[in-house]
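Chemist: Taken in order, these protein sequences are the chains called A and B.
In this text, residue positions in the first sequence follow numbering that gives the first Met the number 0: the first is 0, and each later residue adds one.
In this text, residue positions in the second sequence follow numbering that gives the first Met the number 0: the first is 0, and each later residue adds one.
Simulated from the structure, these hints should not be mistaken for lab results.
Even for Gly, the Cβ is constructed at its ideal location relative to N, Cα and C.
Hints are not guaranteed to be accurate.
To be verified - Okay, the calculated beta carbon distance ranges per label pair:
#1 G147(B) / E94(A): 46 to 52 Å
#2 E257(A) / S133(B): 46 to 52 Å
#3 G147(B) / P218(A): 56 to 62 Å
#4 D68(B) / G217(A): 46 to 52 Å
#5 E89(B) / P190(A): 47 to 53 Å
#6 G147(B) / E222(A): 36 to 42 Å
#7 E38(B) / V207(A): 26 to 32 Å
#8 A244(A) / R63(B): 37 to 43 Å
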Amino acid sequence: MSVKERPGTKPPWAAGILIGLLVAAFVACSTEPQPTATPAPDTDQFDLPDVLIQFDYEPTFSTPERFAPFGRVPPFTLLEDGTLIYLDEGGRYDEQRVMEVRLSGDDVEALVQQVLDLGFERLENYSEQCQNLDDGTGMCLADASYTVLRVRLPSGEPRQVRIYANFGSDLQALESIRSTLREYSHPDARPYVPAKATLFIRPMAEAVDVTVLDWELGPAWLEADDKGRQRARVVDGDALATLLASVPRNVGDSFQHEGQAYHMTLVPWLPLVDFTAAVAAY
Amino acid sequence: MSKLVVTLAMVLSLTSVACGGSEVVQGKVDHNGVTGVAEGKGSTILRNVPAYDQDAVDDRPSIRVKDQDFQGFFTSKDEHAVITVEMEKELRQKYSDISYIVHVDGDQGTQSYFVSREVFNRILVDRPVRFEASGAPIPTITKLLEPGELWGLTWL
């Protein structure tokens, strides 16, 4: 009986451990096939008329704001008019920026074709927390994110797949597409200047190993809500311009006001989306 | 030019991961977890969550022990979960399998990695991390590049 073995684990499992896997939040390996829930459709369609390619993710365990579409920036979005907005990781994690570039029609077509050639149409939805492995064992993982890939096919069909962790039927295709989109860089790209963004501000007990800037928008922006929670606000116009001019990156930074340090997370909105109502209800 | 070389190298390394090779990953630790299997059912034993989690204490990382039997492992003041050999022995009296998982926030959202107890103890929530990982579908951290050894301590 072979069992996937990792440091710190003691194989093998009893076969009975598989009961209840679907609802359990855990990581483990098994020698038996995993049970399956009601099968999800192989693919979905998306309702984003201008999107040709989009790489997004959905967390299953994270900060509250990231569960909302206005709380995270899709790492890669290519629009029909050639506008490409992507996350540039930079040399370090804290150098991340959202970039924008306008691609030619030929470049757009080539990019879509590249994603198709890497196997996008072979990918299918996968929503289980467990997967059988080729060697007959199984693996489960809790708290992982979903990868969401959206591509408008040459037929016009807006095809979307949503895959939990690195599971699914074609890891090679998934990894190849993700790495291609993740590593995309264009020499003419410039930092993205959104028309609107979501602003999250939270006080910090102390600012460690970070550069702290002076807060320039006034103290009203720094007020917490009645429950003392981090507040989400829509920022646009002059306020957004002031913010973007004062920070080296368009995704947030650390500030101080009257001796109190704050961390600001800025989530630029993509063109043609409006989360105003959703942010107000947050 | 150097950017291109780095990009190509990373693409190649990621491709090799899918084939069983290794990759270098960097990001910020979103949260950590310890899981186990008891009486045929898997569950999360504890999570180490970052400062910005709404349940975190005083805007600092905190440890949420989900299994009441092990609440005594940590106090509300503890920020980073360190699991000693003795702690793991206690866990093994209840759980037949213990796994350590690190969830790293990078430019693909949050990605998950298996890790040994020793490396788990060195990785700090809400801090930058860089490592080599290999394996599929869920990679295992094989070498920790950042943070390095701290103050010459030998970790339990």
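Chemist: Now tell me, hint by hint, if it's right for this structure.
Modeler: Each hint tested on the structure:
1. Range check, G147(B) to E94(A): Cβ separation about 21 Å, and the 46 to 52 Å hint is violated.
2. Evaluation of the 46 to 52 Å hint for E257(A) and S133(B) yields a pass: the beta carbon distance comes to about 49 Å.
3. The hint said 56 to 62 Å for the Cβ distance between G147(B) and P218(A), and at roughly 41 Å that hint is violated.
4. Between D68(B) and G217(A), the C-beta spacing of about 50 Å keeps the proposed range 46 to 52 Å intact.
5. Range check, E89(B) to P190(A): about 51 Å between beta-carbon atoms, so the 47 to 53 Å window is met.
6. Hint check: G147(B) to E222(A), Cβ distance near 41 Å, so the stated range 36 to 42 Å holds.
7. The given range of 26 to 32 Å is broken by E38(B) and V207(A), whose C-beta atoms sit roughly 42 Å from each other.
8. Separation of A244(A) from R63(B) is about 40 Å and conforms to the stated range, judged on CB atoms against 37 to 43 Å.
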